[in-house]
Amino acid sequence: MRMVDTEYSAPRELLRTQTLALIVGIVGLVLLLLGAFLPEELLGGTEQFWRSYLMGWTYWTGVALGSLGVLMIQHLSGGVWGATLRRFLEAAALTIPVMGVLFVPLALLGLPYVYEWTDPAFMRESEILSQKTGYLNTPFFLIRMLAYFVIWSVLAVLLHRWSSRLDRTGDYDYASRQARLSGPGMVLYAITMTLFTVDVLLSLDAEFFSTMWGPLVTLSMILAAFALMIVILSFLTVRGPLSQVVSGEHFLDVGKLLLAFTIVWTYLSFSQFLIIYSGNLPTEAQWYVTRLQGGWEWVGLALLVFQFILPFLLLLSRGLKRDPRMLVRVALLAFLMQYVNIIWLTVPNWHRDGFYLSWMDLVAPIAFGGIFLMLFTAILRARPLLPLHVVPRRHPRARTYTEAQHAGQ
Amino acid sequence: MADITRTREEGGFILEPSPTRPGPPAKIPLLHPAHNYETVTRKITSLVFNRTPSGWYIGMAILGLGMMLFTASVGYLFARGVGIWGINIPVAWGFDIINFVWWIGIGHAGTLISAILLLLHQEWRTSINRIAESMTLFAVACAGMYPILHLGRPWLAYWLLPYPSPTNLWPQFRSPLVWDVFAVSTYATVSLLFWYTGLVPDLATMRDRTKNRFLRVVYGMGSLGWRGSARHWNNYQMAYLLLAGLSTPLVVSVHSVVSFDFAVSILPGWHSTIFPPYFVAGAIFAGFAMVLTIVIPLRAFYRLHDLITMRHIDNMAKVTLVTGLVVAYGYLSEIFFAYYSGEYFEKFFITNRITGAYAWSFWALILCNVIAPQFLWSKRVRHNLPAVFLLMMFVNIGMWLERFVIIVGSLHRGHLPSSWAQYAGTFWDWSLFLGTMALFLFLFFLFIRALPAIAIFETRELIHPDQSQTETPA
Amino acid sequence: MTLKLETPIYGLLAEFDGEHELMHAAEQVRDAGYRKIDAYTPVPVHGLSEALGLPRSRVPLIVLCGGLIGGTTGLLLQYWTMAKAYPLNVAGRPLAAWPSFIPPAFEMTILFASFGAVFGWILLNSLPQPYHPVFNVKRFERATTDGWFLSIEASDPKFEYGETRQFLASLGAKEVSDVEH
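Residue numbers (the numbering used here), protein chains in the order written: chain A, 1 to 409; chain B, 1 to 474; chain C, 1 to 181.
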């Protein structure tokens with residue numbers, strides 16, 4: 001069965017979402033800017049501004065980057081489970097160039113407030129740190145960041161463009177081009193993501209290093225992206241045009257993948273912790289020691305409970321995974337917990353004595369979220385919500401969401 | 001097993017070709033379309049019921065010599081102790097741990113194929129899963145022997161287990177070596193149970209088709225009296241699916257624990273947080289290489305082209321390529337972080353690895369594990385059996401070298417320069433290694449002649465009337 | 001103890017052409033009110049348990065219990081031996097080093113859960129059972145290759161030899177055989 005193109009076109013509500021997101025983004029940014037001029041008693045200040053800026057930016061750039069990763073994995077693995085998500089992933093990945101531009105203010109003005117290694121005197125103080133200046137210095141950092149964003153932007157633009165051309169022409173060659181690019185693309189992605197996560201997050205603590213860092217933080221970003229895509233898919237299924245197409249089987253599939261990502265995230269996190277805990281070497285152990293006292297241990301515990309135990313137990317249920325209205329709650333939890341993860345990775349570097357959180361740390365993700373979602377919906381609205389030549393074939397026994405509703409389930 | 005191996009099309013998507021342009025290339029079917037239930041069953045059981053081919057006897061004769069070498073090596077070790085090996089301070093772990101990790105890594109592909117690919121609905125696992133699972137068992141048997149033989153007094157191996165002894169001593173559970181005991185023994189047990197569970201309905205088939213009364217009784221006992229009743233299948237399928245679900249985290253945890261043996265210590269080159277996933281990927285890499293090493297000759301010898309198609313070979317080669325890239329990422333990441341860390345010891349160890357006394361092993365490793373698999377990007381190479389076989393031999397050697405580089409390369413230049421020394425395996429190191437290879441193949445030869453080497457009932461499902469109706473009209 | 005046989009034969013066994021015929025017959029037999037029925041197939045058939053009215057498998061429950069027992073035992077064993085029975089300072093690590101206890105406890109969980117799955121399916125199926133009356137039917141050896149069978153036991157309250165036999169034949173059975181004890 002071949003669907004008519006218009007059946008997949010984006011609903012009008014998305015325009016409202018786009019406007020709303022833009023308003024939220026602007027209001028959020030204005031609040032953040034105001035915060036920059038507030039005194040420290042009100043948890044504001046320039047330093048706080050740039051730190052919150054980095055947190056919010058990293059969170060949403062992570063979503064865009066995670067989407068690019070999932071998109072390429074999906075092209076390589078055959079695209080069975082991902083076809084419903086493909087347009088969302090493409091739209092999210094295409095925000096990468098703009099997210100890169102949003103880093104420019106921080107790169108030009110904010111680095112000294114965020115990264116201790118920007119101060120040459122600080123780096124000379126310690127034997128180990130003085131060894132690292134060859135890599136950790138501002139010019140090289142900026143060159144690297146530029147390189148990453150150029151590479152990712154090229155990948156995202158090409159995948160997006162070929163997908164549009166596949167829609168227009170139905171030429172299978174574009175599909176195989178996407179797959180052919182994704183192989184080497186993933187290799188580049190793995191290398192650039194490792195370096196990017198090291199540069200942006202690991203280097204906040206100039207002394208600490210862990211070979212697991214790249215895979216672990218990249219997976220966190222993929223997890224956040226995937227969870228958000230499930231939220232969007234559920235939204236467009238329950239209230240939008242996809243209810244005619246998407247069945248419980250799709251949600252079961254993406255739910256299983258969310259479970260898999262959750263388990264792998266825990267596995268990587270625990271492995272890193274256990275190795276550092278057992279080795280107990282000063283340069284590494286201090287990273288965890290800071291995070292396991294002064295109130296930070298509760299953040300860690302929250303991550304354990306709400307990023308692993310609770311979603312894990314819930315996602316074991318087959319019924320829950322099949323029901324978009326239930327699955328969306330777990331996905332939303334996973335998505336929000338990834339911001340707690342960002343807090344856990346960043347803030348203790350600046351506040352080693354104990355728990356500290358400014359209201360600006362919570363406004364920043366909302367501000368950047370508004371900007372991201374505005375871009376995302378604008379890109380998404382321009383094309384049908386499903387790739388046209390990757391047409392859903394329903395299993396005889398699978399019922400679409402609409403049919404299941406009529407059957408009273 | 002409609003519940004377990006769901007077809008790709010259920011809730012899935014296909015790429016619909018435009019009427020005027022060429023569509024996606026047709027996929028090779030997983031089973032020759034002329035097959036039906038009877039022919040599939042006859043073909044697979046004939047591997048056991050037909051007259052023993054003379055090649056089998058020749059192979060067994062050679063392997064018998066290998067088994068003698070194995071027995072002699074173990075016997076001499078028992079008589080003289082581990083001094084006959086090349087190990088000493090600082091390289092107190094040599095061939096024994098290298099070969100242990102090598103063998104257990106090889107075993108992991110069996111579990112991956114049987115469990116993870118089942119959960120992922122990859123139907124191509126069907127005709128190779130039994131071979132791969134058997135390979136797991138035999139590889140784990142070879143692997144499990146090494147830590148015990150390395151004990152010095154192997155007859156006291158039961159001290160490793162927690163049991164109330166008169167001395168009130170207990171294993172030291174904060175040590176990864178004790179975790180290893182739990183991990184490897186659990187892995188061996190669960191692999192055996194999984195393998196046997198998969199075998200039961202096929203043993204019933206063997207029972208019902210043999211004309212020999214003695215074999216009928218033997219297979220009958222093995223099949224537990226399986227009748228293929230709906231009640232049987234009901235519990236069976238649920239258990240099989242759950243076992244697959246349990247084996248998947250198990251296989252990951254086992255090789256992670258093996259990596260903890262190294263990573264939890266503080267030796268540069270060992271203490272690296274990437275080790276768990278990087279070891280797991282390496283294990284899958286080595287395992288798939290070994291499956292291909294076995295399957296390619298077996299397929300030619302028994303003419304199994306209709307059951308093990310080029311699509312199987314192609315898929316396995318792709319998995320090898322992907323895991324090979326992950327392993328390469330691990331090597332790169334260690335080099336990068338050694339320099340990034342700014343720590344003297346980290347830099348020293350990596351420089352020593354690349355340019356030191358054992359630099360040859362590192363560069364050979366790069367050749368075997370990083371450069372050689374890159375040829376698998378090409379579809380032409382993946383469809384050329386001699387080329388795939390050759391590349392897999394590179395990988396087999398490369399994965400052995402990887403453990404050599406990690407273990408010997410790190411130990412021989414520890415934190416204490418006064419105890420630096422070189423290491424080389426002795427005759428007995430090599431003889432035992434060759435002996436375990438003979439043992440592995442010996443068990444495999446016995447398996448091929450005694451049990452159905454391909455899962456019969458699961459292969460039948462590929463011609464299931466339901467599925468043939470929903471098959472993609474590629 | 002001598003086996004007391006309440007019925008002259010064990011029951012009737014009908015062979016069908018294929019999966020769909022068997023599935024159809026199973027539904028008819030169930031709807032006709034027979035309860036002591038079973039089907040024998042060379043491959044698992046999706047929906048056949050429902051057609052026969054079989055309950056859901058209880059294997060998952062056994063696996064869950066096994067896993068919980070294994071995990072708890074693993075943790076308690078390690079805590080007791082390390083912190084209580086033989087407290088020994090190793091490299092200054094805490095006696096109850098919980099992170100280090102996770103790997104063995106995890107393996108124990110998997111081990112016991114797997115025991116639950118394997119012994120669960122074997123015992124719930126009343127296996128091992130080397131002898132069963134249906135083996136007396138010569139054709140039954142095809143059940144593990146390409147035969148599709150349906151059996152009704154004589155001890156079923158609705159069982160009437162002639163009537164039941166005819167009923168099975170009317171459902172399209174290729175052949176209906178008596179199953180001796």
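Note that these hints are calculated values from the structure, not bench results. Cβ atoms here follow ideal geometry from the backbone N, Cα and C, with glycine treated the same way. Please note that a few of the clues may not be correct.
[Claimed, not checked] Straight-line C-alpha distance at most 30 Å; calculated DSS-like pairs for lysine-lysine: (1) C:Lys158 / C:Lys84; (2) B:Lys27 / B:Lys318; (3) B:Lys347 / B:Lys43; (4) B:Lys27 / B:Lys43; (5) C:Lys174 / B:Lys211; (6) B:Lys27 / B:Lys211; (7) C:Lys84 / C:Lys138; (8) B:Lys43 / C:Lys174; (9) C:Lys36 / C:Lys158; (10) B:Lys211 / A:Lys256; (11) B:Lys379 / B:Lys318; (12) C:Lys138 / B:Lys43; (13) C:Lys174 / C:Lys36; (14) C:Lys138 / B:Lys211; (15) B:Lys27 / B:Lys379; (16) C:Lys138 / C:Lys158; (17) C:Lys158 / C:Lys174; (18) A:Lys256 / B:Lys43.
[To be verified] Among chain B residues calculated to face chain C with C-beta under 7 Å, some are: (19) Trp179; (20) Leu192; (21) Trp195; (22) Gly228; (23) Ser418; (24) Arg460.
To see whether the hints hold, each was checked on the structure:
For the hint pairing Lys158 (chain C) with Lys84 (chain C), the CA-to-CA distance comes to about 64 Å; that exceeds 30 Å, so the pair is violated. Annotation: proposed proximity of Lys27 (chain B) to Lys318 (chain B) holds, straight-line Cα distance about 15 Å (limit 30 Å). As the CA atoms of Lys347 (chain B) and Lys43 (chain B) are separated by approximately 58 Å, the hinted pair breaks the 30 Å bound. Between the alpha carbons of Lys27 (chain B) and Lys43 (chain B) the distance comes to roughly 24 Å, so the proposed pair stays at or under 30 Å and holds.
Between the alpha carbons of Lys174 (chain C) and Lys211 (chain B) the distance comes to roughly 25 Å, so the proposed pair stays at or under 30 Å and holds. As the CA atoms of Lys27 (chain B) and Lys211 (chain B) are separated by approximately 39 Å, the hinted pair breaks the 30 Å bound. In summary, the hint linking Lys84 (chain C) to Lys138 (chain C) is not supported, as the alpha carbons are separated by about 64 Å, beyond the 30 Å threshold. For the suggested pair Lys43 (chain B) and Lys174 (chain C), the alpha carbons sit about 26 Å apart, so the restraint of at most 30 Å is met.
About 9 Å separates the Cα atoms of Lys36 (chain C) and Lys158 (chain C), which keeps this hinted pair within 30 Å; it holds. The suggested pairing of Lys211 (chain B) with Lys256 (chain A) is violated, with an alpha-carbon distance near 47 Å, which exceeds 30 Å. With a C-alpha separation of about 9 Å, the suggested pair Lys379 (chain B) and Lys318 (chain B) falls inside the 30 Å cut-off, and the hint holds. Proposed proximity of Lys138 (chain C) and Lys43 (chain B) is supported: the alpha carbons are some 23 Å apart, at most 30 Å.
At most 30 Å may separate the alpha-carbon atoms for a hinted pair to count; Lys174 (chain C) and Lys36 (chain C) meet this at roughly 21 Å. Distance check on the hinted pair: Lys138 (chain C) and Lys211 (chain B) sit about 14 Å apart at the alpha-carbon level, within 30 Å; holds. At roughly 13 Å between alpha-carbon atoms, Lys27 (chain B) and Lys379 (chain B) fall within 30 Å of each other, so this suggested pair holds. Note on Lys138 (chain C) and Lys158 (chain C): the hinted pairing holds, with a Cα-Cα distance of about 26 Å set against a maximum of 30 Å.
Under the criterion of a C-alpha separation no larger than 30 Å, the hint pairing Lys158 (chain C) with Lys174 (chain C) is consistent with the structure, at around 22 Å. Our distance criterion of 30 Å between C-alpha atoms is broken by Lys256 (chain A) and Lys43 (chain B), whose separation comes to about 37 Å. Checking Trp179 (chain B) against chain C by beta carbon gives a least distance of about 4 Å; that is within 7 Å, so the hint holds. Annotation: interface hint on Leu192 (chain B) violated; nearest CB of chain C at approximately 10 Å, more than 7 Å.
Checking Trp195 (chain B) against chain C by beta carbon gives a least distance of about 11 Å; that is not within 7 Å, so the hint is violated. For Gly228 (chain B), the interface hint holds, the least distance from its beta-carbon to any beta-carbon of chain C being 5 Å, beneath 7 Å. The restraint placing Ser418 (chain B) at the interface with chain C is violated, with a minimum CB-CB distance near 22 Å, outside the 7 Å limit. Hint status for Arg460 (chain B) relative to chain C: holds, with the closest Cβ pair at about 5 Å, below 7 Å.
Hint compliance for this structure: hints 1, 3, 6, 7, 10, 18, 20, 21, 23 are not met, and every other hint is.
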